[in-house]
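Input sequences plus hints: build the corresponding full structure.
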Amino acid sequence: MANTEVKSDPFRKYDLTLAERLYIPAIMKGMGVTLSHFFRKPVTVQYPEQKPEISHRWRGRHVLKRDEFGRERCVGCQMCELACPADAITIQAGEVPPERRHLHTTERYAVTYEIDMLRCIYCGMCEEACPEAAIFLTPFYEFAEDSREKLIYSKEMLTEKVGGPIFYKD
Amino acid sequence: MSEIGAFLLEKTVVGSVMFGVTLGVVAYATLGERKLSGFFQDRHGPNRAGPWGLFQPIADGVKFFTKEEFIPDRANKALFVIAPTFTFMAAGFLIAVIPFGDRIVVNGREILLQIADVNIGILYILAISSLGVYGVITGGWASNNKYSLMGGLRSSSQMISYEIAMGLAVVALLIDHGTLSLRQIVLNQTGPIWQWSVFTHPLGFIIFYVSAFAEAARIPFDLPEAENELVGGYHTEYSAMKFGLFQFGEYTHMTLASGLIATLYFGGWSIPWLTAPAEPTVWWGLLTFAVFWIKTFFFMFVFIWVRWTLPRFRYDQLMGLGWKKLIPLAVLNILAMAAILIATGGAGME
Ligand code: SF4
Ligand code: SF4
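Just so you know, the sequences run in chain order A and B.
The first sequence runs 1 to 170 under the working numbering.
The second sequence runs 1001 to 1350 under the working numbering.
Simulated from the structure, these hints should not be mistaken for lab results.
Since the structure is predicted, the reported quantities are computational estimates derived from the model, not experimental observations.
Hints are not guaranteed to be accurate.
[What the hints assert, rightly or not] Okay, derived cross-link-like pairs now, DSSO-like style, lysine-lysine, Cα gap no bigger than 30 Å in a straight line: (1) 41/A to 51/A; (2) 41/A to 150/A; (3) 41/A to 29/A; (4) 1077/B to 1063/B; (5) 1063/B to 29/A; (6) 1146/B to 1067/B; (7) 1067/B to 150/A; (8) 1077/B to 29/A; (9) 65/A to 155/A; (10) 13/A to 1324/B; (11) 51/A to 1063/B; (12) 13/A to 1325/B; (13) 1077/B to 1146/B; (14) 150/A to 161/A; (15) 1067/B to 1077/B; (16) 150/A to 65/A; (17) 29/A to 51/A; (18) 1146/B to 1063/B.
[Said to hold, decoys possible] Where chain B lies over chain A, by a calculated footprint (3+ residues, C-beta under 8 Å): (19) 21-35; (20) 42-53.
[To be verified] Some chain B residues well away from chain A (every beta-carbon gap over 12 Å; in silico): (21) 1010; (22) 1041; (23) 1042; (24) 1060.
Glycine included, C-beta positions come from ideal geometry on N, C-alpha and C.
Encoded structure:
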């Protein structure tokens, strides 16, 4: 009954019983709790050997998709660049030269397309902004490199291989 | 071999073995603490260096020796360098009087598994262990950092407060046992298990135990290095092996405090109901040695167990517990013990 009163008014002072003032029973109880954890199975995921299960909707490394004819879907409209809250995307757009005509859907394309993986906050705004459904975030999350430059991904690294499946690395 | 030569050889061998074993245990106590901390938190603990993480202390040692030594610009260099050695030495000197095992007889020569069975054993321990605070306060002062200084000051006031309670708890024990020699105290506790001082001095044991936690500056009494208030306390500015030495000193202190609790209150190396053979062999020596360490390990385990159970005291609570509760209780305990002894007739209960 004392308990409910205390709950209704957390600042109410009430007299501790002798057992409470000795602390020892409470300490014993606490030690029991910690000891029960001592014998529990660890919940750790042994990361490099054992990978955690990742949702397929995970927002990781980007991929620039091709359509069913192997053409780049991206038209270099720079909507993603505009939408990006972290300013991670840098695009230079240009006119498609005649010899590349078969690789593109319109006459405008992204000459260079860079994403700075260190600036990116993996929010997925680029994916939402894209009118061509060209850019998607994939569940790949292992980015470690030994320099900042290596983490600026170029268009070659981001674009799907011709006819290939979604790629994660290389 | 001459008598003096044999004596020197015996003490050198016993001394190096005890010292080596203790340091080995201390080195692995660092791994043990991290492993057990892991288990208490449903984790694995370090398991990358070697099988089951067993090479972790070696890796730590290599790391400590190869890291950059940093001495703050305005620090008092001489004191800054010397402080960690104080802490470590004060803890290390205690090894000299701890009874690690019973006597053994080799080639008709009696050898004690204890470096020195001095008749002022407990006094020596209380004296030396209080020297440890010099390392902490010198380190805190020499760092020229306000957090370090606060850590050092806290540490000194804490140690002084709890030393009194600890000393008084031991006084009651001494009235009962009638000796200051640690070996004699262990011998008094042989026989049935209720001869252990923990059963004859339950109150004294609790006071001693709480004070031992405070002396070793372990949670819930780790105010000298309360991370969230003082960064790292007195060793905030320390790096590389100097920091390592502080840590090593602390673990030595914890190990020997556990050993001391086992010795004073839990029969040390003795095994309940088992009496020493008339002709103690090396095997008997090893058995008692192992029993001593098993008891010590148990108390080290409790140190870590408590660490993951109790929150840290507030500073005024710490002082209040020391001065207003433990010291009066300890005085009461002495009076009660003296009264009981007078009533039952004489000191030195066998
Ligand atoms: S995920 Fe967000 S931060 Fe990253 S590139 Fe796309 S819009 Fe920019
Ligand atoms: S990825 Fe989409 S939004 Fe970005 S430039 Fe290409 S087409 Fe435009």
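Within 30 Å, alpha carbon to alpha carbon, are residue 1146/B and residue 1063/B?
-> 28 Å, holds
Chain B covers the stretch 42-53 of chain A, three or more CB atoms within 8 Å, holds or violated | holds (count 4)
Is the Cα-Cα distance between residue 51/A and residue 1063/B 30 Å or less?
-> Given pair residue 51/A, residue 1063/B holds - Cα atoms ~29 Å apart, limit 30 Å.
Assess, step by step, whether the Cα of residue 1077/B is no farther than 30 Å from the Cα of residue 1146/B, and give holds or violated.
-> Since the Cα atoms of residue 1077/B and residue 1146/B sit roughly 17 Å apart, the hinted pair holds (cutoff 30 Å).
Taking the shortest Cβ-to-Cβ distance between residue 1042/B and chain A, state whether it exceeds 12 Å.
-> 5 Å, violated
Pair hint residue 65/A and residue 155/A, alpha-carbon separation not exceeding 30 Å = Between residue 65/A and residue 155/A the Cα gap is close to 11 Å, so the pair holds against 30 Å.
Pairwise hint evaluation, residue 1067/B against residue 1146/B, where the allowed Cα distance is 30 Å at most | The given pair, whose Cα atoms are some 24 Å apart, holds under the 30 Å limit.
Confirm or reject the statement that residue 1041/B sits farther than 12 Å, beta carbon to beta carbon, from all of chain A.
-> 7 Å, violated
Taken at face value, is the distance from the CA of residue 65/A to the CA of residue 150/A at most 30 Å?
-> 22 Å, holds
Mind checking the alpha carbons of residue 150/A and residue 161/A for me, to see if they're no more than 30 Å apart?
-> Holds: residue 150/A and residue 161/A sit about 20 Å apart, inside 30 Å.
Given the proposed pairing of residue 29/A with residue 51/A, does the C-alpha separation stay at or below 30 Å?
-> 36 Å, violated
Do the alpha carbons of residue 13/A and residue 1325/B lie within 30 Å of each other, as the hint requires?
-> Distance of about 22 Å is within 30 Å: holds.
Of the numbered hints given earlier, the model fails hints 2, 5, 8, 17, 22 and 23; all others are met.
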